[in-house]
Amino acid sequence: MTLLSYAKAMNRALADALAADPAVCVFGEDVGAGLAGLTLGLQQRFGAERVVDTPLSEQAFTSAGIGAALAGMRPVIELQIPSLLFLVFEQLANQAHKFSLMTGGQARVPLTVVVPGSGSRSGWAGQHSDHPYALFAHVGIKTLVPATPTDAYGLLSSAIADDDPVVLFAPAGALGVREDVTVPLAPVPLGVARTHRPGTDVTVLSVGHLVYQALAVAEELADEVSVEVLDPRTLYPLDRAALLASLGRTGRLVVLDDSNRFAGFAAEALAIAGEEGRLLAPPRRVTRPDGAVLPFALGLDRALQPDAAQLRDAIRAVMK
Amino acid sequence: MTLLSYAKAMNRALADALAADPAVCVFGEDVGAGLAGLTLGLQQRFGAERVVDTPLSEQAFTSAGIGAALAGMRPVIELQIPSLLFLVFEQLANQAHKFSLMTGGQARVPLTVVVPGSGSRSGWAGQHSDHPYALFAHVGIKTLVPATPTDAYGLLSSAIADDDPVVLFAPAGALGVREDVTVPLAPVPLGVARTHRPGTDVTVLSVGHLVYQALAVAEELADEVSVEVLDPRTLYPLDRAALLASLGRTGRLVVLDDSNRFAGFAAEALAIAGEEGRLLAPPRRVTRPDGAVLPFALGLDRALQPDAAQLRDAIRAVMK
Amino acid sequence: MSLPHLADRAGRYRAMRLIRSFEELALEWVRSGLIVGGTHPYIGQEAVAVGVCAALTADDQLTSTHRGHGHVLAKGADPGRLLAELAGRVDGLNRGRGGSMHAADFSLGILGANGIVGAGAPIAVGAAWAAQRQGRPRVVASFFGDGALNQGVLLEALNLASIWRAPVLFVCENNGYATTLPAGAAVGGSACGRAEAFGIPAETVDGMDVEAVRAAAQRLAERARAGGGPGFLECLTYRFEAHHTMERRFRLSYRTPQEVAAWRERDPLVSAAAALPPAEVASIDADVSQLLSLAAEFALASAEPDPATADDHLYASGLRPRSGAAL
Amino acid sequence: MSLPHLADRAGRYRAMRLIRSFEELALEWVRSGLIVGGTHPYIGQEAVAVGVCAALTADDQLTSTHRGHGHVLAKGADPGRLLAELAGRVDGLNRGRGGSMHAADFSLGILGANGIVGAGAPIAVGAAWAAQRQGRPRVVASFFGDGALNQGVLLEALNLASIWRAPVLFVCENNGYATTLPAGAAVGGSACGRAEAFGIPAETVDGMDVEAVRAAAQRLAERARAGGGPGFLECLTYRFEAHHTMERRFRLSYRTPQEVAAWRERDPLVSAAAALPPAEVASIDADVSQLLSLAAEFALASAEPDPATADDHLYASGLRPRSGAAL
Ligand SMILES: Cc1ncc(C[n+]2csc(CCOP(=O)(O)OP(=O)(O)O)c2C)c(N)n1
Ligand SMILES: Cc1ncc(C[n+]2csc(CCOP(=O)(O)OP(=O)(O)O)c2C)c(N)n1
Ligand SMILES: [Mg+2]
Ligand SMILES: [Mg+2]
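Protein sequences appear in the order of chains A, B, C and D.
Last residue of the first sequence: 1305 in our numbering, with the numbers rising by one and none dropped.
Last residue of the second sequence: 1305 in our numbering, with the numbers rising by one and none dropped.
Last residue of the third sequence: 946 in our numbering, with the numbers rising by one and none dropped.
Last residue of the fourth sequence: 946 in our numbering, with the numbers rising by one and none dropped.
To be clear, the hints were calculated from the coordinates, so they are not data collected in a lab.
Incorrect hints may have been included.
[As the list claims (entries may be wrong)] Derived Cβ-Cβ restraints for the label pairs, each shown as a range: (1) D/GLU923 / A/ALA1226: 44 to 52 Å; (2) D/GLU647 / C/ALA804: 52 to 60 Å; (3) B/GLY1161 / C/SER912: 30 to 38 Å; (4) D/ALA881 / C/GLY847: 32 to 40 Å; (5) B/PRO1169 / D/GLY937: 23 to 31 Å; (6) C/GLU647 / B/ARG1287: 20 to 28 Å; (7) B/ARG1287 / A/ALA1230: 30 to 38 Å; (8) D/PRO926 / A/ARG1234: 30 to 38 Å; (9) B/MET1304 / D/PRO926: 43 to 51 Å; (10) D/PRO876 / A/GLU1204: 48 to 56 Å.
Just so it is clear, the structure is predicted and the values come from calculations on it, not from any experiment.
Beta carbons: idealized from backbone N, C-alpha and C, even for Gly.
In isolation and in its complexed conformation, chain A is listed as follows (with noise of 0.2 Å):
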């Protein structure tokens, strides 16, 4: 039994895509020791031009980046904070994401952006706690948010040898699980969700380091109710087939997402499901308040994050 840590999942998805396509390089700060991860071991192994130690100049690195991209090469950002990118959001909504419209398809930015300890790590307070990947979503930015170490490494892969710019959220909330791997680690398509567990009764629509807390309450309520637990992966584009098809066998949804709510991926899939989902109730998000932003004492971070009573009420609100 080989157990893999998410951590090491990205790690791993990292140096094999440097080793297989020299045109791949990394960005970021601190990326020579390692520190969130990520490249844990490449610089040695690659060296320091290929994994690139940069100054705290965030914008001018990312858009580097782009340059570099537009350049032939696949680059890899590192960033060491989810807030940072709001810092570089001209960079990658403004630049990255429409360059090859803008030019009429003469570019292509093969760009993949990383943000190792997405939302709240406990105790680093209100700057360093966002999960804001409704807004690349919104934009149009593909969005992955993996929950599992296969599936970090196969979306990191994927992220990489995408011809577009793709910005992966690898939740604080995840890095720490491990996985009995059995099959060889392998690219995971862009655009497919994944059913954790089959159910009957209500879909719950899980994003990242909470399809964990559904699997859990899924299994608590099991003689109650037959619950599916749906993972989007990859947040935009979203597998709407994959979720209508759920919602046909079901007829219920909750959606449980670490964002803000307001216009946020639950949202989304509120409207999909009204749109075109037959529902037999209606549905319902558990999600971070309006605005949140996350306060330092961890009772009041963990208050403003879904919690398992939250969604144990949701469900239960849907099968009413």
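Based on the hints, put chains B, C and D with the ligands in the right spot on chain A.
Just chains B, C and D with the ligands now, kept in the frame of chain A:
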């Protein structure tokens, strides 16, 4: 009869605020010349120390606005292009929005950011044609999109008086609108929607300049269907009560929203309707496509924005 | 080997004349409505684009600005395809998707005009970094205005280029104004002082003298190509026209008529022409005029894109976005 | 009038000792789990915070960094309330909402630590600009590290302060590293050279010598207060501990033990103590130790916030956000 233009109404709101409160000040590019209309004549009237022409340093002058706000001022920031909001996303979402909670209520940031000319300006292409209001609503920053001159006056006045950061989008498609103003101009409270036309069959929730498209189509279809045209005015915090009350009357919903579809404003409206409304038919969205980048050529630019034909189809679809 | 069409004085004069006449034609097309949305005219600054590009090879690359027609033409883009782009036609450089502010020709190393001030500089640094890695003797020129000197990302880019010794030629076109704001009121210190503070050798040249620009650009480009790291060139220049064609609608007083007239006296085309036999100038002018007639014909003959293709090319991978229409 | 508690050498030594002992206590609390999430220890850099704050008045303001405890304490914040904040208690400076990286006391002009490198500098410029407008003789000090020298927004802020002649004292704590990256590998040119390039007078001082820091800060602050515009002070210093307490978990080799030991030889507390009578030092140390016992007691006695109040203060206007629970 006094015909008041939208641009003039904003100019007047700003002038009145500057005259009434010495704490109000303006930062922006070319605000002395008043190129965008918002500040026309105001530097001459109030001085270059209160209406400040800034260098092209949006991040620093937006942050300086935050610093000035923390020191008791009420700065208004003008940004020349909607996508400059991407450039200052860190400053708005990670600093201005978070100061109050992170300091435990010690600090307030009464900062107003205005984009005169949001959305497509016809011929300005991909980087100048965004309508990213949903991003701010998701993050939890108060987000306003006035449709009419009196609302532009009233909402801008309220924004400047508000103790939190506010972003106000003045759609390019509405800037030329003129209104016959019969009552005195007055503040419009944040978070209160406006019914432009009552109806009993379908609620068309329409944002900004699209209110006019909704009214035109409602009139055109008047013999066929009774359309209620509802304008949220404030996207966040949204007047959920008004939306639900309207749905209580009509039981049918179409949202007309000039921003990207995925996890946009329309998605939130559909989610609320699904959770709390009692709908007689599946709701519909008329939006930009997912991940839209507006191409330059006018025909292409138009093809990616909501149009009257799409709205008619949507209304007929919910009536089926 | 430097670009053949800019190899001698005649070629450089020709390129400047082409840019000038192209821009005049574009102004007409804006007035007549053939170009929608307007342009940022390059008129007056021709010596900068041509002088710098004369120091580049075909394999070299550049990033441009909102005021980009001059750079794009100087590097060798087809005027017919550029004009078609400005008119939003399918045969435009960007298939009508980009327009004035995003004109690009990747086959010629033109990585694009950019609608965001300062945004091109770090892109140039990344492209230059990639060239280093790939072992190509390539230089990337990055054009920007005096206004861009106050954009954080450009300042970050200067530092990155410096510590990476990236083969970038930073070209600051100091035309004295960022829209209405005088550079003197906006820029603490000096352009070259900033570059030097990041460890980048910097020179100021007369941006109205194409030969002076070329000579300085050549020095810095060769140094960069030889592995000596980035260089910074400040070109003192002036735009003869409005910031943007839309400006004509306003009554603005940020520049005195005297100031404009004084700079017009220093028209870079006049001095470049003076160095050539008058007959050669006349023949070049006639040539260019004919070239532009053909360009206009080409652009007018090109179709407008089919609205059904509006989101073509959104994703390089071929992903098609969901439509915004109701189901 | 400068801050009374920093008016003489004894007061400054006392403040440095307070910071040192506070930080040692905080390290213990991190180890024991009383402080969740860890801290960025200020140990080794005390002379900078204290020397700079000694040049400030009670009405002056400051912006701080992720490594902010020293600044907050030097300006006069109550150690018990700071400790309570780090432990997430209701009596913390920020009512337990901010923690280490956002500690603030607006009543003392402490506009907050900040989790984003470089973010404090433009906020300081805006606060200083407002003071100018309001006719107050206020200076705003802005602390940041060598890593922040490469953040665009900080560079933009230098320019804004320069052209606005804003009364800002920029204080670069150059401790040689941004996490693991040596400043020498990250910063093209020099810190002072950058400031000067934006038109700001700049000095480098020994950041291990509180009196040297104070003297230089005084000069620049008084100049700024008199309307002479911003100043820039680079303080050469060193952090004796890890970048962040979490770093202890890694085996990192970016600094040699020899280098750390050499800097520890220059402990700013040792030299400051040497200038005082030993008995006075002993009595100050005892005082501080007692003060910290009381602070710890205060913090431990303070309650954890009620989870039901988790989104209190989100909006200054009192707007209550919609909950994230299902209906
Ligand atoms: C970051 C950014 N801010 C503002 C604008 C709007 N804008 C376009 S051009 C311009 C002035 C640019 O001045 P400069 O860099 O000197 O170039 P010039 O126009 O003189 O060629 C401004 C403010 C923009 N496009 N990008
Ligand atoms: C903009 C930004 N980038 C990255 C980080 C993560 N980070 C926190 S502290 C730090 C190093 C800062 O170095 P320096 O400015 O020299 O301050 P020091 O830690 O040495 O006091 C980094 C990279 C951050 N908080 N903000
Ligand atoms: Mg200029
Ligand atoms: Mg440092």
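Measuring from beta carbon to beta carbon, are D/GLU647 and C/ALA804 in 52 to 60 Å?
-> Between D/GLU647 and C/ALA804, where Cβ atoms are some 53 Å apart, the hint holds.
Between B/ARG1287 and A/ALA1230, does the C-beta distance stay in 30 to 38 Å?
-> holds (35 Å)
For B/MET1304 and D/PRO926, compare the CB-CB distance with the range 43 to 51 Å and indicate the outcome.
-> The hint (43 to 51 Å, Cβ to Cβ) holds, given that B/MET1304 and D/PRO926 are roughly 47 Å apart.
Assessment of proposed distance window 44 to 52 Å (beta carbons of D/GLU923, A/ALA1226) | For D/GLU923 and A/ALA1226 the Cβ distance comes to about 46 Å; the hint holds.
With 30 to 38 Å as the target window, see if B/GLY1161 and C/SER912 comply at their CB atoms.
-> Given a distance of about 37 Å, which is inside 30 to 38 Å, the answer is holds.
Whether the CB-CB distance between B/PRO1169 and D/GLY937 falls inside 23 to 31 Å | Taking Cβ atoms as reference, B/PRO1169 and D/GLY937 lie about 28 Å apart, which means the hint holds.
Kindly confirm whether 48 to 56 Å is satisfied by the beta carbon distance between D/PRO876 and A/GLU1204.
-> Taking Cβ atoms as reference, D/PRO876 and A/GLU1204 lie about 51 Å apart, which means the hint holds.
Consistency of beta-carbon spacing, C/GLY847 to D/ALA881, with hint 32 to 40 Å = About 35 Å separates the Cβ atoms of D/ALA881 and C/GLY847, which means 32 to 40 Å holds.
Measuring from beta carbon to beta carbon, are C/GLU647 and B/ARG1287 in 20 to 28 Å?
-> Since the Cβ atoms of C/GLU647 and B/ARG1287 sit about 25 Å apart, the hinted range of 20 to 28 Å holds.
Status of the given 30 to 38 Å range, CB of A/ARG1234 versus CB of D/PRO926 | holds (36 Å)
The structure meets every hint from the earlier list without exception.
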